[in-house]
Each structure stands twice: as structure tokens, then as C-alpha cells.
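Chain E is fixed; fit chain G onto it per the hints.
Residue strings, one per chain:
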Amino acid sequence: MPDFRPDDEASVAETVRAARIDGPLEITGGATKRGLGRPTQTAATLSLDRLSGITLYEPAELVISAKAGTPLAELESTLAAGGQRLAFDPPRLTALWEGDPARASIGAVVAANLAGPRRIHAGAARDSLIGVRLVNGRGEIVKNGGRVMKNVTGYDLVKLMAGAFGTLGVLTEVTFKVLPSPETEATLIFSGLSEADAVACLSAGLGSPWEVTGAAHLPGWAGSPAETLLRLEGFEAQMTYRAGALAAHLVAHGVPDVLRGEASAARWREVGELAPLGDVSALAVWKISTRPASGPSVAAALRRAGVSRLFLDWGGGLIWAACEPAGDAQAGPIRAALAAHGGHATLMKAPDEIRAAAEVFHPLPTPVMELTRKIKDAFDPARVLNPGRMYAGV
Amino acid sequence: MSSVAQPAPDPAILERRAEIVRGLAAIVGERWTIADEDELRAYETDALTAYRQVPLAVALPATTDEVSRILAFLNRAGVKVVGRGAGTSLAGGALPLADSVVVGLSRMNRVLALDTANRTIRVEAGITNLAVSQAVDHLGFFYAPDPSSQLACTIGGNVGMNSGGAHCLKYGVTTNNLLGLTVVLMDGTVIELGGEHLDSPGYDILGLMTGSEGQLGLVTEATLRILPKAEGARPVLFGFNSSEDAGACVAATLARGILPVAIEFMDRPAIRICEEFAHAGYPLDVEAMLIVEVEGSPEEISDQLERIVAVARETGAVHVREARTAAEAAAIWKGRKSAFGAMGRISDYMCMDGTIPTGRLPEVLTRIAAICAGYGLGVANIFHAGDGNLHPLVLYDVNDPEQLAKAEACGADILRLCVEVGGCLTGEHGVGIEKRDLMRAQFDQVDLDQQMALKSVFDPAWLLNPAKVFPLDGRPAPARAA
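Residue numbers (the numbering used here), protein chains in the order written: chain E, 1 to 394; chain G, 1 to 482.
Bear in mind the hints are in silico, worked out from the structure with no lab data behind them. Possibly wrong hints are sitting among the right ones.
[Unchecked claim] Taking lysine to any residue pairs in the SDA-like style, the calculated list, with each CA pair at most 20 Å apart, reads:
| hint | chain 1 | residue 1 | chain 2 | residue 2 |
| --- | --- | --- | --- | --- |
| 1 | G | LYS170 | E | LYS374 |
| 2 | E | LYS374 | G | ARG416 |
| 3 | E | LYS143 | E | ASP377 |
| 4 | E | LYS143 | G | ARG475 |
| 5 | E | LYS143 | G | ARG416 |
Please read these numbers as outputs of a predicted model, since none were measured by experiment.
Extracted from the complex, chain E is given alone in its bound form (with noise of 0.2 Å):
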């Protein structure tokens, strides 16, 4: 298989109007997320990570710009020496893919739109996303936004690239804004909840003026019991004050333990790495998004179809959950379930030969599905990009 590694954007562009010619390709950085979406019919490979490194960052502006194959972690720790960080969170999801989780790639990232537990308070890696540059299946290239972040000149094509899987163009460059570092962080812990009133625990915290930036319940099981969890971050002495507060104004829901900094910290790195979830090297994984209200019926929902290991974050309103890797890996009943409340499933972990006969991705109604395939059209008419990786034709 040809594996093109060009180390600037001017060759990325002559790669892609060569392959349409040559035939379509399949887009990489550290080739750590190759098994999330449907598996592509490429002959060729667009790797990426030699088109790395930070172009831009000014802690002052609270912007930072990268090359699309920079590690996740180069940026992180960049930013963490200026007492900063990227607020959507973005997981690694080592348990699901394999390969080495240091090379995650930000390209990746801002591809699959990820965001770890703290999505509820900051959004995902699309609302901190503010310029792109990329190359489009014309072998075009385009910038989009920048690096400041108020911007509506012309159309946001900047989200349009954040969850399109490469399909739409090969991001060479992404630029996000960025927040301060909270000095430290606790966490509001209680025990033995049920679903529904976890997830009442939950609405109660995030409506309440504490700012909670996690909410997560996470059923026990062999024996262990259930716990329900609420992160705060902040200064120090906001941090006693405000868990003081809210525990007070969940009174109803028992007393909880309290994690404070690095033990808080070390917590929701568990949960936004699927550790909840046990090992799921055997079994599929699914991403469900639903109203967070509706997060305890989905799950009975799931359960009766024979899902066997499920934990809920977002304040009820996503649901991680495992099955056994058989037929449509339950697809067809996690979609019913979602029918009743609303909401999206993605199968995010799934040997080749089910993501390839399944839906991966949530189908979509006819007209939205009638305008997915023109704007492919309108940034790869030929198919060069990712095809097939989202939706068949896609």
C-alpha cells in the first residue's frame, strides 16, 4: 500500500490532486483512531505526522496553532507550561484502538470531534476550534476563521471540518482558543444512587450557580457500589466554598466524599478513558447522545437488549456502553431506544467486518442525508478524501 508522508501543505495538496487520478486515500496522523468509523476501500495511505509542530502560540491572546500530525500530548504539554489547557478535554480512548496513545495526532482530534467530561461546561473540541487550514479533493488549499476568537467573516467552515472525518478536507493546520489552567479541583462523590436519581443528582449540580464542570454516575457492579460524581475547578478557597454549597443543595441525594486536587484530577482521567467500563478488548463499544433527562430509560433500554456494561457521563445525557461484538453489535434495539427519546448512537469500537456492514454513525433523515452528499460534493467531487468512512458514498 503507497503511504505518502509529505512534510508540508503544498505537498499535501499535489497528493491529493494526484490521487484523482490515482485513486482515493485514506487520512492519518498517528494512525491511532483507524478503527472509528467505517473502514475505507483506499489502496493509499495520507499520513500526516510529518507535517507537525507548534506554528503559534501566544498564552497572552489564549490561542494556539498547530500542524495537523503535532501529537495531542506536544500541545498539552506546551500548554501546561503556560499554566493553560485546552478546555474540551480530549481523550486518548486507549482502551478502544490500537496503537501508541502518545501519538494522537490534533488533526485526529479536531476530525472526530472529541471531548472528554468536561463537554458540558466547555463544549467540544469544535467550540474551541477557531481557524483551520486544510486541503479540500481538488487539491485546493483553504483557510477558514484564524486566530482570534470572534470571527463571523464569511461561512464557519471551521465546525464543518470538526466531526467530518476527513471526508471533507485533510486538515494541515488547526488553531483553537484556549483557557487558564484551574489552580485546583474537587470532586463531590455519592454512593449507591440509582440511575434516575443520580441523574436528578446530576440536573440539580449543573443547574445550580456552582459551575460543575463533570457529571458523571457510574453503576456499580460485582458488589462495588454506584457512585455519582460532580467536579468543581477552580481557586482554592473557591473550591471549599462551593463544594460546601453544593453539597448542602444536595442534601437530598446523602453526603458525599469529597476528592480534592490531584485525586480529583486522576478521577475524571479514569472516566474520560472509559475505565468505568472494565476491559472491552472483547467486546463492542457504543457513544450514545441523548437528553440528559432521558439518559436512566435509554439505559434500561439497553440493558433489556442485552447490553452488558454501560456508565453515563454529561450529566446523564451520554452513555458509554459495551456488547458483545455479534451481529450489528446491537444496533438495531440501541437505535429503537433512542427513537422513543432522541438523540445519536455511534459505534465507536467494533471488529472490521460489523462496521463495515452496520451503521457506525447515526442514519440521517433523507433531506439532512440529501445535503451531506452535496456538500461532500462541493469539497471532494471526486471521492479522494476518507470515502465511505461516515456514510456509504460519503
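Just chain G now, kept in the frame of chain E:
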């Protein structure tokens, strides 16, 4: 009158006016169809009053279904459509064309659903921004994007322009607070994007639609995130002897890990004009002023203000005034929020809306002063300092055609300067008609072609809000014909 050219109206459409008006009346009723010249005049301009054009007709639908039937009808008839909320656009985004029908959404102003457990509200597009916050205020919630026009501007217009406001440093702009949309495409197709959950499946069409200036579809309903109100908020006011010192204060505050909800900047002329109007107690002997607001419990506010005041003194603040009471806080904000009105009392002005990297602020202010002096015009600067969104107010006499032309040229030079230093042409007002012909300062033809290809996906005949956003030359064939 102005240097921005408009395409010539299509005589064939003008000739069919009576038939088009009949078609609209058949859908929304005669009462909600406006064809009378005097009544049409109310729709001839938006808040950018330098540009005026009476439309062919106006339709005021009451439901998504009516909007769908109107667009399907006008699409078949090949008639251009301009969507309109409250008409508060400062970039001429809702300016009609002589051969266009204005579809006004002011009647669609209801709250459809309110859900504090899921922290969402679903509203019709014609509801005002402030009415959304008022609908949830008694429950302890608010809707975060707060444009200065929030009393009048509508959610549909906010989506079209991706509106923000003073508090978006912390809370983001419309696109960060929007979960779902009902959109009518030009052929009448109704699509639902997103919902009450996070992250729509498929391409982020919701994100693309936001800020597309009514060119891809007409928004009829929106699901918005509502946020719990902080326990309290309090501003502090700083005066500095130079804009460099004020800029250093902003940078150092953010570097210490403090994220205020708002950081507003005013230069000496702006301070003077606002103080004369609002008597807010602003210092008149400084070159630059910052208003910094923080949130939390009373103790948290005091703690944060203490940190910020320390930073400000280190960076050269010569005047510090903390609001100790609600009345003092209100006075500080009254001066800032009445700035545009106060300015209007002393002079006509053109409000620019460029964005710059904040590190370039002192240099940019110096160069803006030089540009304006070169045209013989005055300028006052008001600025969202946390996010680099400049609002130079270029002062001129609207009754003097020569001064209007100078003000336009001066404004264009300022916006080109913003792009030159790494910023952009518009941070929150939109491109509209005002900055249409400046787009090439920021984008090359390939960039514009890619954006225009999307316009053609949603609206193949380029009937929705045409002659806006993109320069008239260099458009694809059907658009040039428009």
C-alpha cells in the same frame, strides 16, 4: 449615496409584482402581506441606515409551515428572499433588494418548551434575545449571548449573525449555546438539526448554518442552552495612562488564571462621551479604561477582585474603583452600554467591527488614530478586550456626502489593518452588504469559492439574501445573474 453597488433589479420580477403579492396573501392572508408603498418603507433599511431600498413585498408568516410554503412558492417563481428579525443588523444584513420579498419572523415569538432539568429552551425565531433570558430568569437561569441590542434583536437574527456580547469571553457566542434548529430551505424543505442532546450526528450543519447571514436557509425555531445564573457579579473600573498599560493588565490577568466574565476597554474620547451622557463616574484624566467583571459568591468576588486589582496596580493602573453596591455596578455598566447612544448625541458615526490579536492593541490604536486623522475624521474606541473585538466609532456628518465617502474609505482602511495584523473583518456584526467588497482582504478566491460552493448546495439559484457577504464579481454563474 454610497460606494456599495447593488445589482440591477430584474424587470421581469418587478412586472409580476401583483401576482407575487397575491401568492403570498394566499399563504399568510392579506392582513400579513404588505404591498403598500408607505407600509413597505418600514422595511427599507435595518440599523445600518446609510443604505435603503424598498422591497417588492413583505410577508409575515406565523408558522414554520407558512414559511415553508412561502419559500417553495418564491423558489418556483424565482423571486429573491431576505429574512428579517428585528432589523438590528449593523452591517446591512437585512437590507432588501427592489426585486426581493422580505420574510419577517416577528410574529413567531413564542417559547415552545422550557426544561430546566435538561437546561434547554425551545423558542420560535422571532423572539427577542432578552425575552429568552426573561422567560427563565425566575427559575435562576439565563441565556448567555448578550449582544448590546438584546432588547430588540431576535434569536433568528442571532443565529444568522452568530451574535455575541460583552459576556462571551467566558460563555461563548451563539454557536456555543445552540443545540438545535428548525430550518426551512429555499425549496421549502423543512429540516431538523440537533436537538436537546449534545453533538449532532453527521456534518455540523448546525454550526455551518450559524453565522451564515440568512443565505443557507431561514431559521424558524431554535433549541438553546440555558445556564444557571451566578450567585452575583460585580465590576471594577481601572484607569491607565496608556493603552499599553491597559493591554498589559488584560494579558497579566488572564496569565494569572483569572477568567473574568467581561473585560471592556474604552479610550479617552469614548470615556469622555459616555461620562457626559451617563454620569457613571468615569475618570476623565486617563488615556484608557477597563471595566472588568467577575462572578461568584460575595467572598469569591472579593477574592477575585483583590487578585485583579493587584495585577492592575502592577501594570500601572492610576485609577481603581470597585463597585461596592448594586447601584454603583449599574452605573459602571450604564456608561458602557449607552456608549453608542451617547455617541449618537454628539455626532453621526460609523461603527466598525474588526477583530485583532490583543497583543497588537496599542499599535493598532495608534494606527487607527493616524488613519482617521488622515481623513480629517474623529474616532472613539470601544473594545471587548478579552477577545480582541474592536469597535472604532468613526465620527462624521451624515449630511455631508463628502464626509460619508471619507468615513466609508476610512472604515475600510481600519478593517484592512485588522486583517493585516492577523485579525478579521468582523467579530460580531457580520459581513452583510457593508463589508462584502472587502472580503478579498481576508480571503483569496479559492477560500471564497469553497464557501460559495456551500451556498449553491443549499440555495442553487442564489435566491436567499443575495448580494450580501460575497463580492459581486467572481461569483459562480447563477449568482452573478442574481
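Hint by hint, here is what the structure shows:
no.	hint	verdict
1	LYS170(G) with LYS374(E)	36 Å, violated
2	LYS374(E) with ARG416(G)	34 Å, violated
3	LYS143(E) with ASP377(E)	18 Å, holds
4	LYS143(E) with ARG475(G)	18 Å, holds
5	LYS143(E) with ARG416(G)	17 Å, holds
Comparing the model with each numbered hint stated earlier shows that hints 1 and 2 do not hold.
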